[in-house]
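Number of protein chains: 4
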Amino acid sequence: MRQETIEFTGHIIDSMILPKVFDTIMEDKGDFEVLEFKIGKKKTEPSYTKILVKGKDNEHLNTILQKLQKLGAIIAVPKDAETEIADMDGAAPENFCPTTNQKTYIRICREWKEVKNQKMDACVVIENEIPVCKIFRHIKKGDKVVVGLEGIKIEPIERSREPMGLFGFMRSDTSTEKPTITLIKEVANELKKIKKSGGKIGVVCGSAVIHTGASRALAEIINLGYVDAFFAGNAVAVRDMEYEIYGTSLGVNIETGKVEQYGYRKHTSTINSIIRLGSIKKAIDKGIIKHGMMYELITKNIPYILAGSIRDDGPLPEVITDIRESQDKMRELLRDLDLVLMMGSLLHSVAVGNLMKAETKVICVDIDPAIVIKLRDRGTSQAIGIVTDLGTFIPVLLEELKK
Amino acid sequence: MRQETIEFTGHIIDSMILPKVFDTIMEDKGDFEVLEFKIGKKKTEPSYTKILVKGKDNEHLNTILQKLQKLGAIIAVPKDAETEIADMDGAAPENFCPTTNQKTYIRICREWKEVKNQKMDACVVIENEIPVCKIFRHIKKGDKVVVGLEGIKIEPIERSREPMGLFGFMRSDTSTEKPTITLIKEVANELKKIKKSGGKIGVVCGSAVIHTGASRALAEIINLGYVDAFFAGNAVAVRDMEYEIYGTSLGVNIETGKVEQYGYRKHTSTINSIIRLGSIKKAIDKGIIKHGMMYELITKNIPYILAGSIRDDGPLPEVITDIRESQDKMRELLRDLDLVLMMGSLLHSVAVGNLMKAETKVICVDIDPAIVIKLRDRGTSQAIGIVTDLGTFIPVLLEELKK
Amino acid sequence: MRQETIEFTGHIIDSMILPKVFDTIMEDKGDFEVLEFKIGKKKTEPSYTKILVKGKDNEHLNTILQKLQKLGAIIAVPKDAETEIADMDGAAPENFCPTTNQKTYIRICREWKEVKNQKMDACVVIENEIPVCKIFRHIKKGDKVVVGLEGIKIEPIERSREPMGLFGFMRSDTSTEKPTITLIKEVANELKKIKKSGGKIGVVCGSAVIHTGASRALAEIINLGYVDAFFAGNAVAVRDMEYEIYGTSLGVNIETGKVEQYGYRKHTSTINSIIRLGSIKKAIDKGIIKHGMMYELITKNIPYILAGSIRDDGPLPEVITDIRESQDKMRELLRDLDLVLMMGSLLHSVAVGNLMKAETKVICVDIDPAIVIKLRDRGTSQAIGIVTDLGTFIPVLLEELKK
Amino acid sequence: MRQETIEFTGHIIDSMILPKVFDTIMEDKGDFEVLEFKIGKKKTEPSYTKILVKGKDNEHLNTILQKLQKLGAIIAVPKDAETEIADMDGAAPENFCPTTNQKTYIRICREWKEVKNQKMDACVVIENEIPVCKIFRHIKKGDKVVVGLEGIKIEPIERSREPMGLFGFMRSDTSTEKPTITLIKEVANELKKIKKSGGKIGVVCGSAVIHTGASRALAEIINLGYVDAFFAGNAVAVRDMEYEIYGTSLGVNIETGKVEQYGYRKHTSTINSIIRLGSIKKAIDKGIIKHGMMYELITKNIPYILAGSIRDDGPLPEVITDIRESQDKMRELLRDLDLVLMMGSLLHSVAVGNLMKAETKVICVDIDPAIVIKLRDRGTSQAIGIVTDLGTFIPVLLEELKK
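Residue numbers (the numbering used here), protein chains in the order written: chain Y, 565 to 967; chain D, 565 to 967; chain B, 565 to 967; chain U, 565 to 967.
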């Protein structure tokens with residue numbers, strides 16, 4: 565029988581952390597005793613608890629402690645984090661400590677230091693006394709990789725005790741039965757608030773934005789300055805330009821809704837034409853593309869990433885075809901965003917979610933409720949979901965933003 | 565080996581009727597020979613074909629002929645329809661001819677006469693030389709019920725050769741990837757066109773209309789005179805009034821979107837209050853209900869049916885609790901409608917679909933694509949489906965109607 | 565400023581009750597102070613807390629208290645419940661206390677007494693010192709109806725601290741990504757356990773059971789004695805018999821999967837034939853129906869309810885056409901069930917959920933994840949959902965039950 | 565006014581081709597006259613028609629003819645195909661003729677020759693008098709690319725007049741209401757038939773196969789020799805091995821169904837371990853992986869492709885990170901498959917669909933009906949869809965294959 569004393573501080577009751585602590589210990593068939601418990605007596609006071617956790621042997625106890633750590637537990641008498649030297653490029657030592665997307669501190673020389681570039685499913689390397697989050701393939705032989713359990717402190721995002729606005733009233737609920745216009749107003753308020761305070765907004769855009777006829781409205785939102793980073797794939801760029809050149813998307817006429825039965829020619833012709841010109845920018849310079857999302861992004865110098873996938877036709881010259889390069893550039897661009905609005909793409913939304921820290925807010929909008937569930941199941945648990953039709957959501961959002 | 569000669573006339577190729585004829589014969593392992601075929605050489609000309617159908621015995625041939633009849637086949641040398649006298653109340657003779665929802669003619673005294681009150685899954689009774697569609701429980705002992713195969717002609721709705729507007733470009737496709745705003749404009753045009761020509765519009769309304777915050781917009785559409793008949797259940801009326809009294813629907817605040825966790829009190833209180841007053845009308849007269857869908861319907865004397873279901877709390881005094889009575893009243897109200905707009909209710913949409921003729925146009929709007937599929941699977945094959953969020957669809961439709 | 569002291573006892577932390585208490589107070593903009601807090605130091609010990617709740621006036625405080633009551637709060641210095649005499653048949657006095665589906669106690673003559681026939685969205689009447697749950701239309705003028713907040717204690721179902729079996733590992737999660745065969749084994753174990761201990765099982769059956777070809781397997785489960793009550797509608801009985809007579813369901817051949825394009829004749833003929841015979845039982849007696857679910861239910865004298873809906877063709881003689889009568893009989897039959905297995909029907913599942921107490925376990929199986937979400941949204945929060953195909957679920961469950 | 569005479573031969577009525585021809589002309593506001601029409605008088609006889617098509621000018625006529633060509637039209641007096649010399653690497657001349665996935669013939673020196681490596685959205689290059697399908701990036705400066713409309717003949721897959729088995733009864737319908745066990749038996753028969761005749765079967769596998777607990781059953785199907793090519797991504801391989809090493813998939817215990825709340829460690833550890841070893845094969849050689857899908861594929865030398873995506877953690881050494889390389893290898897592997905069974909992955913299914921010819925049969929199995937719809941919308945119109953739970957589908961299929 566082995567035991568360890570751990571501590572938690574914060575709004576641990578109404579953040580659902582304490583129930584999860586008890587659940588975790590019991591699910592793993594460990595045991596516990598609550599040694600101390602001070603509840604915040606008023607709304608603004610944090611609570612504190614000291615718990616003795618027991619496992620049947622060292623390994624059992626460590627398994628439990630590792631999970632509690634992700635809930636914010638710190639070992640009551642903290643030591644510095646242990647490290648091990650990477651013995652090869654591109655992989656961590658076997659008992660590396662995998663990261664979450666939550667804010668994390670590493671104790672180095674008796675001082676808690678925040679991990680830089682936080683991201684889930686990676687590891688922490690200490691560089692010049694600074695802890696940095698690194699994915700496997702960026703590890704170099706000789707790196708000091710954090711291992712074990714000591715000296716690691718995770719601060720899960722606290723649900724505020726004074727819920728306000730969209731993130732307040734949405735938090736406990738993923739039901740589809742919500743007053744849509746009200747939700748859109750709240751999204752608009754959130755975007756305006758971020759821009760007013762100098763914050764940055766990213767957009768993940770799937771081709772549903774174009775099929776549902778909303779790309780012109782999104783282009784106008786970009787034009788208004790609401791988008792600081794744009795994440796999409798080959799198809800979005802092709803269809804955006806197909807629409808601007810031919811008025812169709814995959815052969816569907818966006819103005820009339822009419823399906824042109826064999827309209828794929830326009831799709832492949834668009835790709836071929838851009839390849840012939842050499843780049844989207846040249847198509848803009850030559851006056852072939854005069855509107856649309858790509859037009860706004862490029863003429864306004866807004867950073868965008870077109871990440872390749874095996875579904876791509878072409879792809880366009882701007883598309884990054886190596887997924888490692890796409891991920892590295894996406895991670896870079898995501899670093900200083902305050903909110904990401906994900907619309908109509910499961911692949912790109914899950915990918916972006918994997919690459920970002922939990923502090924960045926996420927609003928995921930899709931007509932399929934399964935998308936939000938999958939995004940949260942894959943670890944982007946901060947995401948709030950709005951189940952609606954992008955074809956009306958984006959135009960109505962634009963109207964609200966213009967008010 | 566038995567055989568029969570049948571004829572088809574009309575746009576039988578581009579209405580997909582001919583392929584279905586061949587399919588039907590082959591699926592049933594019958595045989596056929598095309599005796600004559602005159603194709604319409606220009607767009608406006610109908611085609612004609614005479615086909616010899618073969619079955620292995622009388623029963624086999626009749627099974628095939630019965631199916632072909634539903635596609636519009638008439639037996640080349642027509643006889644008058646056979647009838648049999650009903651031997652009991654509430655049921656037809658065993659070999660009655662079940663109806664479709666398509667326009668049907670019965671040959672009586674060498675004359676083709678159109679069946680009145682057409683509806684699917686019922687039977688035809690001849691009353692004073694007039695064929696009338698009757699459901700089983702309206703059959704009386706002694707009624708002359710049409711049986712067998714002779715003297716019956718069905719005219720399936722023809723797809724026009726000059727497709728226009730919503731019903732034109734939607735017909736071949738149920739994909740969700742459609743430009744939504746364009747679709748809404750087309751729906752608005754369709755509604756305006758019907759009203760301009762003196763036609764009548766019915767609305768089937770589920771509680772999603774209220775949850776998604778769209779009931780005030782629908783109330784305004786009713787106020788503008790676009791709704792001539794309203795089909796809903798207890799829940800819709802309760803929640804509409806809960807919203808007007810308390811600002812909530814099942815405890816969700818429609819203006820702020822906030823969930824009041826134990827807001828069911830307002831739901832049950834609304835029901836209790838109306839029961840205490842005796843009727844919705846009295847609540848309006850007393851000034852308790854001043855807006856909303858029920859308010860508009862009642863103050864404007866627009867016919868509505870609140871059909872009861874086993875899910876109902878209460879129910880309200882206006883709710884019809886016997887399903888047979890509901891069906892009879894619904895069928896009555898449906899008879900002279902030109903278009904039914906179905907929104908947010910599978911139960912009521914399928915029920916209304918069962919009770920109406922195929923000539924009445926149907927637009928079914930729901931965020932769940934399965935709803936439209938089920939509606940069509942259940943026989944309302946004329947329905948076109950729009951997969952979108954009612955919370956934005958109805959407000960945007962209102963704006964279009966006001967233009 | 566008004567205040568009241570309340571108490572909670574039990575596993576209030578890991579049952580998520582305490583966080584909900586704080587949420588509720590804050591969402592309603594009330595204030596609170598934690599006066600006492602004793603946490604269960606070991607797994608098996610309950611916790612206790614005493615909280616001072618503050619509202620800005622009497623009404624505000626009462627609104628909050630009412631919600632806290634549903635979480636299990638009792639007012640620290642309890643008084644007997646207040647009652648008011650019903651002034652009319654069929655409705656409660658305006659400030660009646662609406663019920664939840666949770667176990668509830670009423671304080672009568674200083675004694676806490678459990679409410680009989682508990683059900684959500686109804687009211688409590690005291691009859692001979694015994695509190696009984698009554699729906700509005702069963703209230704008679706002169707009944708003593710419980711009103712106000714005093715003397716009411718609700719005991720929400722506690723999540724056990726030692727999670728086991730299906731209800732253990734499913735509780736926190738509605739994700740569709742679960743090992744299906746494992747889940748089916750757990751359902752089988754649960755059903756066997758209930759039967760072994762003399763418990764009773766109900767089944768809600770929608771027509772998907774028949775379309776997906778699983779009705780013969782469900783009939784065999786009935787035959788094995790696993791079903792004590794059966795809830796369905798007209799369509800299920802018709803299609804079950806259509807399958808037994810013709811081998812089809814709505815014209816789809818269940819053995820070959822082939823769609824008989826105009827197979828509706830068999831559906832309407834089945835209805836007509838049963839009406840002609842007078843009852844399903846007579847069809848069994850005459851040897852027309854020799855297998856299937858209805859056959860097993862009737863020959864084994866298992867109670868079943870076919871509740872009518874406005875979608876019904878016919879309906880069959882056994883169908884209850886008045887929804888009030890259906891509800892009363894369903895409530896009666898539900899009273900002593902230990903578990904209800906809901907399969908393939910949203911309408912009947914929500915209806916059954918509305919009529920039952922929260923102690924009865926609910927397993928809801930459907931291929932559409934939205935069904936479970938809607939069931940829980942409508943208040944049947946004890947339901948656990950399994951997202952799978954009934955066409956394989958039921959046959960595999962049968963195999964497990966036979967083991 | 566310009567006109568051209570075209571011809572069609574085959575089962576053009578029951579293959580729905582003729583109605584589409586008329587639709588296409590009318591949608592494009594062209595005109596037509598039927599010059600000749602010979603209908604196949606018996607089941608086995610093909611039909612023939614000669615149609616005069618009219619457009620308002622040359623461009624209008626050509627647009628229509630191009631679409632008719634995809635339906636199988638050939639210009640009545642055929643000429644050889646025109647070609648143009650590619651003026652740059654990686655792109656086609658502007659008026660190249662984009663391909664479909666249907667069997668296509670090019671007229672070269674008065675002889676119709678079948679295009680090799682057929683695939684949609686590419687172009688045709690003539691190499692040594694042989695027409696070959698090439699994607700843009702494989703075009704080299706100087707290639708002879710087919711342009712214009714002359715000398716091109718497309719043979720759309722004909723629906724057989726004698727429908728049998730799975731592909732027979734499924735063809736006209738995508739409804740979810742199908743007898744599942746019957747469908748699974750038909751799939752098993754289809755797979756057995758292909759293997760018996762020496763054909764080849766491919767499998768597209770998404771991670772739902774593992775989450776739903778079906779990976780061991782699929783591994784056994786591979787072991788039985790039913791899989792000749794395997795298409796998946798990084799996640800499938802990682803989770804397959806995580807299951808074999810730890811018994812979990814993304815931290816869900818597959819045997820007990822229990823969610824290990826912070827089980828992601830096992831996912832990342834699996835990746836890191838394989839990277840450290842250098843390859844999956846080495847993990848097998850060292851006895852770390854002893855069962856599972858990857859084990860069967862590698863020990864049996866069955867070709868597999870793990871195509872990278874931006875969602876990937878790691879990725880594993882075997883994963884192809886450049887999407888162009890993935891596509892090239894996938895196309896190679898797809899070339900001689902007779903049937904592809906797609907299970908649980910939208911991304912990989914659409915990608916595979918894009919890369920293959922229409923003659924290869926496709927069965928797509930998913931619990932989400934939207935997947936099949938999207939697959940068909942993207943051009944893989946030969947796909948038939950089965951909406952069921954992979955967690956039961958695969959084990960039941962295995963049982964059927966073993967019979």
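Calculated directly from the structure, the hints in this document are not laboratory data.
Heads up, a few of these hints could be off.
Which copy is meant is left open, because identical chains are indistinguishable; a pair holds if it fits in one copy or across any two.
[Said to hold, decoys possible] Below 20 Å or equal to it, Euclidean Cα-Cα: the simulated EDC-like pairs (lysine to aspartate or glutamate) are:
1) 967 - 819
2) 749 - 963
3) 614 - 600
4) 680 - 592
5) 967 - 600
6) 708 - 932
7) 967 - 923
8) 845 - 658
9) 593 - 609
10) 850 - 658
11) 708 - 653
12) 846 - 658
13) 864 - 648
14) 893 - 597
15) 602 - 571
16) 760 - 932
17) 717 - 889
18) 764 - 902
19) 602 - 658
20) 854 - 754
21) 756 - 923
22) 760 - 719
23) 667 - 900
24) 705 - 900
Hints and how they fare:
Within a single copy, residue 967 and residue 819 get their C-alpha atoms only as close as 25 Å, which misses the 20 Å cut-off; across copies the closest is 18 Å, which meets it. Taking the closest pair of Cα atoms, residue 749 and residue 963 come within 20 Å of each other both inside a single copy (10 Å) and across two copies (18 Å). Taking identical chains as interchangeable, the C-alpha atoms of residue 614 and residue 600 lie at most 20 Å apart whether they share a chain (5 Å) or sit on different chains (18 Å). For a Cα distance limit of 20 Å, the shortest separation of residue 680 from residue 592 qualifies neither inside one copy, at 31 Å, nor across copies, at 39 Å.
Taking the shortest Cα distances, residue 967 and residue 600 never come within 20 Å of each other, neither inside one copy (52 Å) nor across copies (50 Å). Neither within a single protomer nor between protomers do residue 708 and residue 932 lie at most 20 Å apart by alpha-carbon distance, with minima of 44 Å and 45 Å respectively. For a Cα distance limit of 20 Å, the shortest separation of residue 967 from residue 923 qualifies neither inside one copy, at 28 Å, nor across copies, at 44 Å. Taking the shortest Cα distances, residue 845 and residue 658 sit within 20 Å of each other only across copies (19 Å), while inside one copy they are farther apart (47 Å).
Taking the shortest alpha-carbon separations for residue 593 and residue 609, only the inter-copy value of 17 Å comes in at or below 20 Å, while the best intra-copy value is 32 Å. In this assembly of identical chains, residue 850 and residue 658 lie within 20 Å of each other by CA distance solely across copies; the values are 16 Å between and 55 Å within a copy. Taking the shortest alpha-carbon separations for residue 708 and residue 653, only the intra-copy value of 12 Å comes in at or below 20 Å, while the best inter-copy value is 47 Å. In this assembly of identical chains, residue 846 and residue 658 lie within 20 Å of each other by CA distance solely across copies; the values are 16 Å between and 49 Å within a copy.
Taking the shortest Cα distances, residue 864 and residue 648 never come within 20 Å of each other, neither inside one copy (46 Å) nor across copies (38 Å). In this assembly of identical chains, residue 893 and residue 597 lie within 20 Å of each other by CA distance neither inside one copy nor across copies; the values are 47 Å within and 49 Å between. Taking the shortest Cα distances, residue 602 and residue 571 sit within 20 Å of each other both inside one copy (12 Å) and across copies (18 Å). Neither within a single protomer nor between protomers do residue 760 and residue 932 lie at most 20 Å apart by alpha-carbon distance, with minima of 32 Å and 37 Å respectively.
For the homomeric pair residue 717 and residue 889, neither the shortest alpha-carbon distance inside one copy (31 Å) nor that between copies (42 Å) is at most 20 Å. Proximity of residue 764 and residue 902 under a CA criterion of 20 Å is satisfied intra-copy only: 5 Å inside one chain copy versus 51 Å between copies. In this assembly of identical chains, residue 602 and residue 658 lie within 20 Å of each other by CA distance neither inside one copy nor across copies; the values are 39 Å within and 42 Å between. In the homo-oligomer, the alpha carbons of residue 854 and residue 754 never lie at most 20 Å apart, since the shortest distance is 30 Å inside one protomer and 33 Å across protomers.
Only within a single protomer do residue 756 and residue 923 lie at most 20 Å apart by alpha-carbon distance; the minimum there is 19 Å, versus 47 Å between protomers. Neither within a single protomer nor between protomers do residue 760 and residue 719 lie at most 20 Å apart by alpha-carbon distance, with minima of 27 Å and 48 Å respectively. In this assembly of identical chains, the alpha carbons of residue 667 and residue 900 lie at most 20 Å apart only when taken from the same copy (14 Å versus 51 Å across copies). In this assembly of identical chains, residue 705 and residue 900 lie within 20 Å of each other by CA distance neither inside one copy nor across copies; the values are 29 Å within and 44 Å between.
The structure is inconsistent with the numbered hints 4, 5, 6, 7, 13, 14, 16, 17, 19, 20, 22, 24, although it conforms to all the rest.
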